[in-house]
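Numbering (numbering that gives the first Met the number 0), first residue to last: 0 to 129.
If you are wondering where the hints come from, they were derived from the structure by calculation, not from laboratory data. Computed from a predicted model, the values in this text were never measured in an experiment. Each hint should be verified, as a subset may be incorrect.
Below, simulated SDA-like cross-link-like pairs (lysine to any residue); rule was C-alpha separation at most 20 Å, straight line [claimed, not checked]:
1. 94 to 58
2. 124 to 42
3. 124 to 51
4. 124 to 58
5. 71 to 84
6. 103 to 6
7. 124 to 15
8. 94 to 113
9. 124 to 9
10. 71 to 110
11. 103 to 56
Okay, the calculated beta carbon distance ranges per label pair [unchecked claim]:
12. 61 to 113: 45 to 51 Å
13. 109 to 21: 24 to 30 Å
14. 38 to 94: 16 to 22 Å
15. 84 to 63: 28 to 34 Å
16. 61 to 34: 34 to 40 Å
17. 84 to 111: 37 to 43 Å
18. 116 to 90: 18 to 24 Å
19. 38 to 67: 27 to 33 Å
20. 103 to 81: 19 to 25 Å
21. 1 to 90: 19 to 25 Å
22. 72 to 3: 31 to 37 Å
23. 22 to 82: 15 to 21 Å
Just so you know, even glycine gets a beta-carbon here, dropped at the ideal spot from N, CA and C.
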Amino acid sequence: MNLLLLEPDVAGGIDQNTIFSQNQSGDASEVLYLHYEFEGWLGDEILETTPCFIITENLTNSILQSNLSGIKIENVEVSVTEEFCEWHPGLVLPKFNRLIPNGKITIEGNKYSSWSGDDFSVSQKHHLVV
């Protein structure tokens, strides 16, 4: 099977309503709820802000109909910056969802190992592999 490391565009970032879990030392360790703020958008259907991925409703439906493994889909709160409104006047964003890859894979250089076998996996450095 061929595995592909995807490098989604970064069209914005984590915003103020995002909720993180805390590890034992008090550091943020996992995103429990994602608020993604767009700064721009070139029309890509999959986007990222480390460590999260978001996908359009259109791509969500295609993935779910394909019965691909290793994913969880959640709602995402979306907002736009003032600059976004200036650069894209009148643009209405499509609905986005959060894509959470459940699969795991280790990447060392250009070699993959310890792949869970899921269609959607995330590496130790938060790279999306399909």
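Hints, verified against the model:
A C-alpha spacing of about 10 Å is found between residue 94 and residue 58, which places the hinted pair at or below 20 Å, so the restraint holds. A C-alpha spacing of about 25 Å is found between residue 124 and residue 42, which places the hinted pair above 20 Å, so the restraint is violated. Proposed proximity of residue 124 and residue 51 is supported: the alpha carbons are some 12 Å apart, at most 20 Å. The hinted pair formed by residue 124 and residue 58 fails the criterion: a straight-line CA distance of about 24 Å is larger than 20 Å.
A threshold of 20 Å between alpha carbons decides the hint, and for residue 71 with residue 84 the separation of about 31 Å lies outside it, so the pair is violated. This hinted pair checks out: residue 103 and residue 6 have alpha carbons roughly 17 Å apart, not beyond 20 Å. At most 20 Å may separate the alpha-carbon atoms for a hinted pair to count; residue 124 and residue 15 exceed this at roughly 24 Å. For the given pair, residue 94 sits about 34 Å from residue 113 by alpha-carbon distance, which is inconsistent with the 20 Å threshold.
Proposed proximity of residue 124 and residue 9 is supported: the alpha carbons are some 16 Å apart, at most 20 Å. At most 20 Å may separate the alpha-carbon atoms for a hinted pair to count; residue 71 and residue 110 exceed this at roughly 26 Å. A C-alpha spacing of about 24 Å is found between residue 103 and residue 56, which places the hinted pair above 20 Å, so the restraint is violated. Between residue 61 and residue 113, the C-beta spacing of about 28 Å breaks the proposed range 45 to 51 Å.
With their beta carbons about 35 Å apart, residue 109 and residue 21 fall outside the hinted range of 24 to 30 Å. Between residue 38 and residue 94 the CB atoms are about 19 Å apart, so this pair conforms to the stated range of 16 to 22 Å. For the hinted restraint 28 to 34 Å between residue 84 and residue 63, the CB-CB distance of approximately 31 Å keeps it satisfied. For residue 61 and residue 34, the hinted distance range of 34 to 40 Å is not satisfied, since their beta carbons lie about 25 Å from each other.
Look at residue 84 against residue 111: about 41 Å separates their beta carbons, and that is inside 37 to 43 Å. Against the hinted window of 18 to 24 Å, the Cβ-Cβ separation of residue 116 and residue 90 comes to about 39 Å, which falls outside the hint. A hinted range of 27 to 33 Å for the beta carbons of residue 38 and residue 67 is consistent with their spacing of about 29 Å. Taking the beta carbon of each, residue 103 and residue 81 are about 39 Å apart, not inside 19 to 25 Å as hinted.
Distance hint for residue 1 and residue 90: a CB-CB separation of about 35 Å, inconsistent with the stated range 19 to 25 Å. In this structure the hint that residue 72 and residue 3 lie 31 to 37 Å apart at CB is violated, the actual value being about 20 Å. In this structure the hint that residue 22 and residue 82 lie 15 to 21 Å apart at CB is violated, the actual value being about 34 Å.
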